[in-house]
Structures are given as structure tokens and as C-alpha cells.
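Novice: As they're listed, the protein sequences go chains F and S.
Take this note's numbering: the final residue in the first sequence is number 129, and no numbers are missing along the way.
Take this note's numbering: the final residue in the second sequence is number 1548, and no numbers are missing along the way.
I should point out that these hints are in silico values taken from the structure, not numbers from a laboratory.
Cβ atoms here follow ideal geometry from the backbone N, Cα and C, with glycine treated the same way.
You may find that some hints are simply not true.
Reference excerpt, derived from the structure (chain F facing chain S, CB under 8 Å, subset only) [unchecked claim]:
| hint | residue |
| --- | --- |
| 1 | Ala2 |
| 2 | Leu11 |
| 3 | Ala51 |
| 4 | Lys71 |
| 5 | Val73 |
| 6 | Trp82 |
| 7 | Ala102 |
| 8 | Ile126 |
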Amino acid sequence: MAANKGQGRSLSLFLVGLTAACAGLGVLSGGMGTIVLLAGIVLLAGSLWNAFKLKPLEGAVALKSQPAVTKLVGAIVVVAGWAVVLLGLHLTPSVGGRMIAAIVGLAISLVGVLYILPAACNKNAIWKA
Amino acid sequence: MKFIRSLICLCAFALTVFPGAVAHADASASTAELKDASGKAPVAADMQKGDPGGTLTGTINDVPAADPKAGVTLADVANQVGQNKIGINFTWTLITGFLVMFMQAGFAMVESGLCRVKNANHTYMMNFMVYACGLFAYWVIGFAIQMGGAAGNANLGGLAPLMTEHPITILGKTWGLFGQNGMFLAGHTYDVGVMVIFLFQMVFMDTALTIVTGAAAERWKFLTFCVSSVLMGAFTYPLFANWAWGAGWLSQLGTNVGLGKGYCDFAGSGVVHAVGGLTALAVALIIGPRIGKFNRDGSSNAIIGHDISAVLIGCFILAFGWFGFNPGSTLGASGAGCLRIGSVAVNTMLAGCTGTFGAILYMWTLKGKPDASMSGNGLLAGLVAITAPSGFVNPTGSAIIGFIAGILVCLSVSFIENRLKVDDPVGAISVHGTCGLWGVLSVGLFADGKSNYGGAWNGVTGSVTGLFYGDASQLVAQLIGIATLIGFVFTFSFLLNWVLDIILGQRVSAATEIAGLDIPEMGQLGYPEFVFAPEPDIMLAAERAVAV
């Protein structure tokens, strides 16, 4: 089973939910804002739940599980590198110091993007079997 | 003493009255000139005879008078001049926006041409549908997040309704985080200037979204693609675009901590292309490679696209659209340094040219053939790289930036495929991600300090100047922008699409992938009357292995 009516209904519900949630957010200070926002969130959750139920019916994919912890570690390392760059802004007023902090932070982020995450995502790749 | 005091008073009185008298005399003279011009203007009888030479059309008769009895006044003329300036800028910005919108056709042709024929309809449909998904999300909330705090553009009349940036204060400095006005373009944002900037920014956002479809082509589930695109258009892109262009914190690096003119990205190497390219990398990592792309030993197989002519025509359409992308980013053709549009356009052409040469010479020299698809990618790489610096560099700088990008894209394609083992059917990650980041960096190196857009950029007086022209701090601002693109945009996209993978599933089933996505996902072949050539043996073996 590939694209089907259930998926179409999920997408419709998702778009309606997003519209309602944003409309609620737009008039949050008004009386109806909170109610419309909550209704939108419920619709969004409903659309995702509907799509989640359909997922197992679609057949096996050519992709084995990717280790979640390693993926999470990779993402954290990428963000940590960014944090070093931002901290460098406040640690020193000198251009040279900030440039060093930026380069070090970028290097840390790149370890996450170019080493940890690809290794995690390819750990159980089907082409290795 | 009394005499001196009287003399001073007399001088003061004269100084007060005299300029007024002169101005009054000037105004009288000008009013007389206006009346004289009205008297000499062609009358209805002259106009009825036709104006083949164009000498009678466009006179004082065409300046509307506030009071018809009084005739045209200086105030009327001044108002008309203001209208003309804004009218020119509106027209310029809209037409360049239309050019950028047409780039969607180029992307569709490039991406579909580089995919196999059994996925042609699906790839075209992703490029078609991303326009609707992105536009809808941007109208609902994305535009408000990006531009809701971006008042102050004199070229488009000030954009005063967009003035509510949500700030955060850190160590006594105020930094912009996201805009708040403009959801559904309702309320005060139902404004002529806001509509123009909405259209222009929307097509930029859509360009970023369509980059992702290339990297995930031939295996992306259509439902998940739609949801992912909506969320990217609603949140991922607008957040970074706000920080760079919408009065956000990256643009304040100059005013707050003295780093050059803040993060500078003239037309979006970072905001558009790196955001699209890094999101493409995130999705490609999660979705995995196509069946048969890699062998058991990790070596890769070339999966040849079905229509190289579509690819090259698509590249030309994109190059044409880029004249909207870069020169249009002046947001006007009149006032505040806008006459630099010619320079921006020439820089764009040159970088595309040298990018093509960079890629073609690299491939021809090292691989033996002037590879067509890499030549196309070289053109696009040069254009992507010059997008950020196009408004700040000279033609020599732009040629160097483009040439480096042309070589860089070849190296990056090889690195991503052979080292990272990430399958990117069209090279989107390299063209837009790698070369987008190079473009951002190159501003900090090559900006020549000669541009002048109203005397300041991002609220800092002076011209954007890079390291090679004496300002190292600009390079630091650009590095911080790059770190934010990788640290925030990539990670946010990765986590968002990971969650979508858990809930919806990013990838089509193996059976669907082997059959081709056209029938299972779209219900129709792209080319129903074609007889498909069988897949190469190595692909068939891989498909059989997966099917078992």
C-alpha cells in the first residue's frame, strides 16, 4: 500500500489543524484565541495519530533501524559546537579571540555532522548486509 | 553695550526672517514655473491627434492636483516623485520575485532529469507541490516569524506595520528572536508594501524548500514530504531568515558586539541555499540511500538520470531566475544604493560562468570527460556561492568565488557519496549546502567596502568590508552565521524529520521503490508510452536482495 485515501485525510486534517492553531495564536489575547489554538492542536494530533496508524500497512522499507542514542549524541555535539561559538562572543571582546572560538565551535559541530551522525545512520545500512 | 546688544538682536532677526523670505520667494518662483508649465502642456485637441514621437505624453497634465482649482502645486509634484520612487521599487521587486518563482520550473527539470524515468512523475510532483505547501505555511505563520519585526525599509515605503520583533536581553544587549506581525496577512499588515515584501520573500522561502526534494528523490513518501515541507516553510526557514534579514540577532552582531556590519547575506547563500542544503543533508541521512546505490564493500554505483537535456535546460532556467534572486534583493531600483543592481547582475553572471569552468575543467582534467551533469551543477554552484556576496564584491572577486565553488561542488559530491555514504541523487547537498556555506564565508573575505546602500548596513554606518580589504571582524560575523546554520538549522531539521520518520515514516516501502514511485505514489507514470529499458544487472541484484 502506498499513497491512499487515509493519507489524504491525514494531510487534510493536518492543514486544517495548523490553520486553526495559527489562527488561535494570532488572536491569543482575544477571548476565542485559546480555544481555537487548543482545537487546532487537537486536530494536528489527530492527523498525526491517523497517519501513525496507517504506517504499518505500507510494507517494509529498505532501511534498518538507526541507533537512536548515537543519533542523539551526534545532534548534541552539533549543538554543543554552536554553543561554543555563542559563548565565545561573550567571553572575549577581541576579534581574534572570537574568531578562534568560532573556528573551534565549528570544528566540534562538524565532527557531529560529518562523523557521528553518518556513522549512526549507516550503522545498520541494508547495503552492508 | 546697548548698541552691541541691539546689533545682535537685529542680526538674529535678520537670520530668522531672511531664509524664510528667500524660501517664500523660491516657492513663488516655483509656483510660477509650474503655472507656466501647465500653460505650455498639450491640450486635449493636441492629444487627440496622437503622439507618435512620444513628446506630448507624460507631462504636468499627468501629475494629479490635490485641488484642481489651484492647479498643480509643489506639494503635488513632491508627492508624485515619492509615488514614482515607490512605484519603481514595487515594480522591480515584484518582477524579480516573479523571476524567482519561475525557478521552480528549473528545479523541477533538473531534479527529474537526474532521476530515473520510473520516478519522473513523483519527482515533478514534489517540485510542483512544494510550492503550494510552502506558500500556505508561509502565509499562515512563516512570514510573521520571519518579517514580523522588519520595519524600516525605505525602498518599499517603510513597512511600518511590521515592527514587532520579539527580543531577548542577554548581558544588557537586546537581541531579536522572531517576528510577530503578519499571520494570514491580516490586520495592519493588509498593506501595499507588506504585500510586495511577502511575495518576494515567499518565493525565496520556496526555493529553500525545493532543494530538499532533490536529495530525497526516488524514495521519499509523498505524505511525509508534504508535512515536512509545510513545517520547514512555517518554522525552520523563517526562524533563520528572521535572524539574518528580519531584525534578528545575527543581523545585530554589528550594532551589539561590533562585528563588522553584522551577519551579511545579500540574497541568501546562507538563508536560502545553506538552509535548504543542510535540511537536505538531514533528510538524506534519515531516509537512507536508494536500493542499489552502495555495494556491500561500501563502493557506490552511479544511478544515471533519465534526461540530461532536461537537466541542462533546467540549469539555464535557474540561471535566468537568478537575475531575480540577486539583483532583486536590493528591494528596489531607486534610492539607497539601488543603482548597484547592474553590478549585482554582472557579478551573478560572472560567478555562474566561472563556476561552470571550475566544474568542467575539474572533471575533464581529472576524470577524462566534461561531465554534463557536473557542468550544470558547476553553474549552479557558482550562482549559489555568489548569492550572499553579490551585492558587496567586485567582478574579480565574484569570478574567483564562482570558480572555487565550481571545484568545491565536485569535491563535495565525491566526499558526501564516498566518505559519508549519503545518497544525494541530484547533488543538492553539495550545490546548495556546501557552496551556500562557501558563499557566506566569501562575504567575510571578498567584500570590497565599495557598496553603499543608504550609507549603512544592518544599522552600522559604512560599507560591508571583508578580511582582504581590511576588516577581520566581518569574517567572524560570517563564521557565526555558518555555525548557526550548522548548529541550529541542521540540528532542528534533523530532529524534526526524525520525529516525522517515527510518526509518519519518511521512506516508501521497498516494493514501491523497486517498482518506481510513479504508479504506487502518484497513480500515473511520467511517461506512460515509453518502453523502459531494464535496470543494470547490479541494480537488479540489489533489488532482488532487498525483496528477499
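Novice: Evaluate each hint against the coordinates.
Specialist: Against the structure, the hints come out as follows:
1. Ala2: Because about 3 Å separates Ala2(F) from the closest Cβ in chain S, which is inside the 8 Å limit, the hint holds.
2. Leu11: Where the cut-off is 8 Å and the nearest Cβ of chain S is about 6 Å from Leu11(F), the hint holds.
3. Ala51: Ala51(F) check passes; min Cβ-Cβ to chain S is 5 Å, inside 8 Å.
4. Lys71: Holds, about 7 Å.
5. Val73: For Val73(F), the interface hint is violated, since the closest Cβ of chain S sits about 12 Å away, which is over 8 Å.
6. Trp82: holds (2 Å)
7. Ala102: holds (4 Å)
8. Ile126: Holds. Min distance 6 Å.
Hint 5 from the earlier list is the only one contradicted by this structure; the remaining hints agree with it.
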